[in-house]
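Engineer: Listed here are the chains, written in short residue letters.
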Amino acid sequence: GQNIDQPTEMTATEGAIVQINCTYQTSGFNGLFWYQQHAGEAPTFLSYNVLDGLEEKGRFSSFLSRSKGYSYLLLKELQMKDSASYLCAVRDTQEDTGRRALTFGSGTRLQVQP
Amino acid sequence: DSGVTQTPKHLITATGQRVTLRCSPRSGDLSVYWYQQSLDQGLQFLIQYYNGEERAKGNILERFSAQQFPDLHSELNLSSLELGDSALYFCASSGGTAGGTNEQFFGPGTRLTVL
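Chains as they are written, first to last, in my numbering: chain C, 580 to 693; chain U, 282 to 396.
Treat the hints with care, as some may be off.
Cβ-to-Cβ under 7 Å is the rule here; a few derived chain U residues that face chain C [unchecked claim]:
#1 Tyr314
#2 Phe326
#3 Ala337
#4 Asn340
#5 Phe387
In short, the hints are calculated from the structure, not lab data.
We put the beta carbon where it would ideally sit given N, CA and C, even for glycine.
Can you build the whole structure from these sequences, using the hints too?
Structural biologist: Dropping the structure here:
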């Protein structure tokens, strides 16, 4: 099975930088995803890491350490619209069945304050 | 707009009833996934289909079933509904090919309320 942990809530100030951590335990690791979800809306894809290191995409970056079972999402130059839940999700792939479902953490609710 | 469509957007029904939720994946995507998200809960994986065949099962109750049709749209059937089944039900699709990111694209969800 899989176990994914991330903080429940975080608060940050507009213009600042915030780091959201995620730790996981899984077998057959085949990628870690970060999604953003505004209340009542669909999750939207932010980033993907399968190899160790940092992936940068505009104001958002994501880091992965497979040996530590650890990832973080870094949000820079925070804007009010960044207030949302951020979901860490791990994929394990069973090659014999083609199973590629994601296991999601409970999400981190980020509140950006003026 | 992710390209994944779900109908209906909202559904209100009574306990004991049966409902069907519908999902059309993005054009070209072969994999369809169903998730349940209860209030203040994370996304719970229910079931995955790939090109018409069931590929993986998650925490799906026996009262729930799903299928994927030849045109690749999928339906999730929920029967003998209970109050606790009230939730947002999301469908997602992905390319399902080996390698690559294969991120899942989520539909707008169906909000089910059981009274």
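Engineer: Which constraints among the numbered hints does this structure fail? Numbers only, ascending.
Structural biologist: Violated: hint 4 alone.
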